[in-house]
Structures are given as C-alpha cells and as structure tokens.
Amino acid sequence: MDCHSLAMDKMKDGFVWRALANLESFLMRHTFSNTVIHETYSLVLAGLGIRSIVLYDSPPEINTSGRKSVKSLRVICPLGGHPDEDIQGILEVAGIVEDLEVVVTGKWKTPIKHPRVKYLGFLPRERYLRELLSSRAGLCLIRGNTMTLPYVLFEFAAAGIPFVINETPVTRVVGQSFLAKNIAQVAEKLEMMKDENYYASLVSEVAALQEVLKGKNKEGLEKLPSYPQQ
Amino acid sequence: MTIKDIPRVVGIAWAEHSNRLDAISQALGGRAEKISWLSGKKYLAPMRYFVLGIRSLWRLGRLSPDVVVAQNPPSSVLYLHTFTQRFIGKN
Chain A
32 MDCHSLAMDK
42 MKDGFVWRAL
52 ANLESFLMRH
62 TFSNTVIHET
72 YSLVLAGLGI
82 RSIVLYDSPP
92 EINTSGRKSV
102 KSLRVICPLG
112 GHPDEDIQGI
122 LEVAGIVEDL
132 EVVVTGKWKT
142 PIKHPRVKYL
152 GFLPRERYLR
162 ELLSSRAGLC
172 LIRGNTMTLP
182 YVLFEFAAAG
192 IPFVINETPV
202 TRVVGQSFLA
212 KNIAQVAEKL
222 EMMKDENYYA
232 SLVSEVAALQ
242 EVLKGKNKEG
252 LEKLPSYPQQ
Chain B
1227 MTIKDIPRVV
1237 GIAWAEHSNR
1247 LDAISQALGG
1257 RAEKISWLSG
1267 KKYLAPMRYF
1277 VLGIRSLWRL
1287 GRLSPDVVVA
1297 QNPPSSVLYL
1307 HTFTQRFIGK
1317 N
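From first to last, the protein sequence lines stand for chains A and B.
Letter 190 of the first sequence, counting from 1, is numbered 221 in our numbering, and no numbers are missing.
Letter 89 of the second sequence, counting from 1, is numbered 1315 in our numbering, and no numbers are missing.
For reference, chain A alone in the conformation it holds in the complex (with noise of 0.2 Å):
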C-alpha cells in the first residue's frame, strides 16, 4: 500500500473518520509491503507499529529546452487539491509584493479574486507546462505541520525553477534557500529573487537538488522488497 495521507490526521475528526483510519491502520499492518512519501511519516507509522519503505517521488521528466528566461516576477502557485493549501497566505503574499503577478493553477472551491493573483484552473498537462516554464518561481503554502510533501515541489525542481514553501520537518528535505518559517519571510524571498546573481544561484541550487531527489527515490525502488514466488 502507498502511504501519502496520514491515518493519524483523520483521528481527530470523529467516529466515522476515526473508524476509518483505524481500518487502515489495521490494514497497513497486514499488507505484503507499505510505501510512504518521506522519512518522518515512516517514523509515524513505526510509532504505530506499521513497517514501511520510504519511496520519495521522482521528479517528472520536463522538456526545458524551449525555457526563456523570466525577467518579471511572476510566480506560479499549482493546487493539489490537499485541504491545508493556504489561499489565504498566497494572497497576503500577493498583498504585499509589489510587481508580483501570481498564476495560480488547479482546483479551489471558492473563485479567486485579486489583482495580482490570476486563477487559471484546472489546465491540460501541456498549457500547465507552459504556464510553469514561463513562471520566475514557484510558490507552495500549506498551513500548520501537516505531514505532506507536495508533488510539485518535484515538478518545480525538475522544470528548474527556484521555489518557496513553508517550513515543517517535511520540507526541510529541499535546504534552507527554498523555505519560508512566515509569510513575510515568503514576501522577502520572493523580493530576492529579483536579484539577478541571486536568482542564478537558486537556478544552480534547483538543479542540485533535482539530482538529490532523483536519488531518493532511486534508493527507495531498489528496497522494494522482494515478492514471494507462489
């Protein structure tokens, strides 16, 4: 079974959630093999008594040949749909950056009204592409400590885009450059990144981190175990 919500999160959301991830709890321990996103939710589910392998995503392969580089600050932020996006903080952010225009990609359930903010919606693989590879950096808010890991952090490394996202013992797997403790030290990095040197230097750090999740989840193919032979 692969693991990327956590049984624990849904506990303290009643009876029926809690029967729920009891269910699943009980099922993870009786699988052939489990596989979860990072370390820490490993540690969690030990704690359960769940075994399990740490199987990072990789990042996605992204034709960047045709890339042009993005003098203004406009930033990509895609939604995954997970219940603690922080719209609220990207607009803040908004609210404060000056010259920053904002894409915001995916599905929200309420419409998004800003000036510096543009919802494009759910888009086809390629026009999100599109939008990402014309994008200065990428922008990733989740509230609170929740345990996820989100997916377009890959994509963000793989299209070599600089990024910002909030810190939580999760994130910190993509190094210090990249992470934001509050919205106002998102706002400061993302005025940084119109420094052009420091910008090149976050472009480098991507690229080096893109090799460092590559090997990750390279790690993780090669621990799955072996099955048995009937």
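For the record, the hints were derived by calculation from the structure and aren't laboratory data.
Just so we're clear, the structure is a prediction, and the values are computed from it rather than from any experiment.
Certain hints may be false.
Calculated lysine-lysine pairs in the DSSO-like style (CA-CA distance at most 30 Å, straight line) [what the hints assert, rightly or not]:
| no. | chain 1 | residue 1 | chain 2 | residue 2 |
| --- | --- | --- | --- | --- |
| 1 | A | K212 | A | K254 |
| 2 | B | K1260 | A | K254 |
| 3 | A | K102 | A | K245 |
| 4 | A | K225 | B | K1260 |
| 5 | A | K138 | B | K1260 |
| 6 | A | K245 | A | K212 |
| 7 | A | K247 | B | K1260 |
| 8 | A | K99 | A | K144 |
| 9 | B | K1260 | A | K140 |
| 10 | A | K149 | A | K138 |
| 11 | A | K254 | A | K225 |
| 12 | A | K99 | A | K254 |
| 13 | A | K138 | A | K254 |
| 14 | A | K138 | A | K102 |
| 15 | A | K245 | A | K225 |
| 16 | A | K102 | A | K149 |
| 17 | A | K225 | A | K102 |
| 18 | B | K1260 | A | K245 |
Go by the hints and put chain B onto chain A.
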C-alpha cells in the same frame, strides 16, 4: 524474483489524478487505475468509500492483477480483493 518482475501490476487510487501512482505503476511495469466520485466533499466520505469500493473491486476483478498497489485510502478494497482472490480464486 523481485516485485519488479511480476508482470501484472495494477496501481489503484481514488483520485482524478495521481502523478505518484503513475510513476510507481510505471516503475513496476504496471498500469495505474484512477477512480473518483464526488471528490472533495468530506461529509460524503462514507458513501464515497462505499461506491468507490464497489467500482474498484469490479475493476480489479476484470483486470485480475497479480499485484495491487493501492494508494491510500482504497486499502480496504486491496484487502477484500486479496481475500476474494485467495478464497474464491482468480477469474
């Protein structure tokens, strides 16, 4: 034999899109099946579990895989499928 050598691997997720499942299924030489219904409405979760459970079992029954990679939450389906395969036999 390693798990990567098993020919019929099916990954299943209750979502419209899952890049992760696509990648895992591809790495294991299998296919990814994504099923969704009324996603995002938390209060409908019990009904969604029931409907998607039936649809998943139907799909797995037709595909009859050797290995199922279930992306949480359709874990109960994985278990039910294994149970039916073991005690009723493959189609």
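Each hint, compared with the structure:
1. K212(A) x K254(A): Cα-Cα ~33 Å, so violated.
2. K1260(B) x K254(A): holds (25 Å)
3. K102(A) x K245(A): holds (29 Å)
4. K225(A) x K1260(B): violated (41 Å)
5. K138(A) x K1260(B): holds (17 Å)
6. K245(A) x K212(A): With Cα atoms ~26 Å apart, K245(A) and K212(A) stay inside 30 Å; holds.
7. K247(A) x K1260(B): holds (25 Å)
8. K99(A) x K144(A): Given pair K99(A), K144(A) holds - Cα atoms ~29 Å apart, limit 30 Å.
9. K1260(B) x K140(A): holds (21 Å)
10. K149(A) x K138(A): Given pair K149(A), K138(A) holds - Cα atoms ~13 Å apart, limit 30 Å.
11. K254(A) x K225(A): Not OK: K254(A) and K225(A) at ~42 Å, beyond 30 Å, violated.
12. K99(A) x K254(A): violated (39 Å)
13. K138(A) x K254(A): violated (34 Å)
14. K138(A) x K102(A): It holds: about 27 Å lies between the C-alpha atoms, which stays within 30 Å.
15. K245(A) x K225(A): holds (29 Å)
16. K102(A) x K149(A): OK: K102(A) and K149(A) at ~18 Å, within 30 Å.
17. K225(A) x K102(A): holds (8 Å)
18. K1260(B) x K245(A): holds (25 Å)
Violation of the numbered hints given earlier is confined to hints 1, 4, 11, 12 and 13; the remaining hints are satisfied by the structure.
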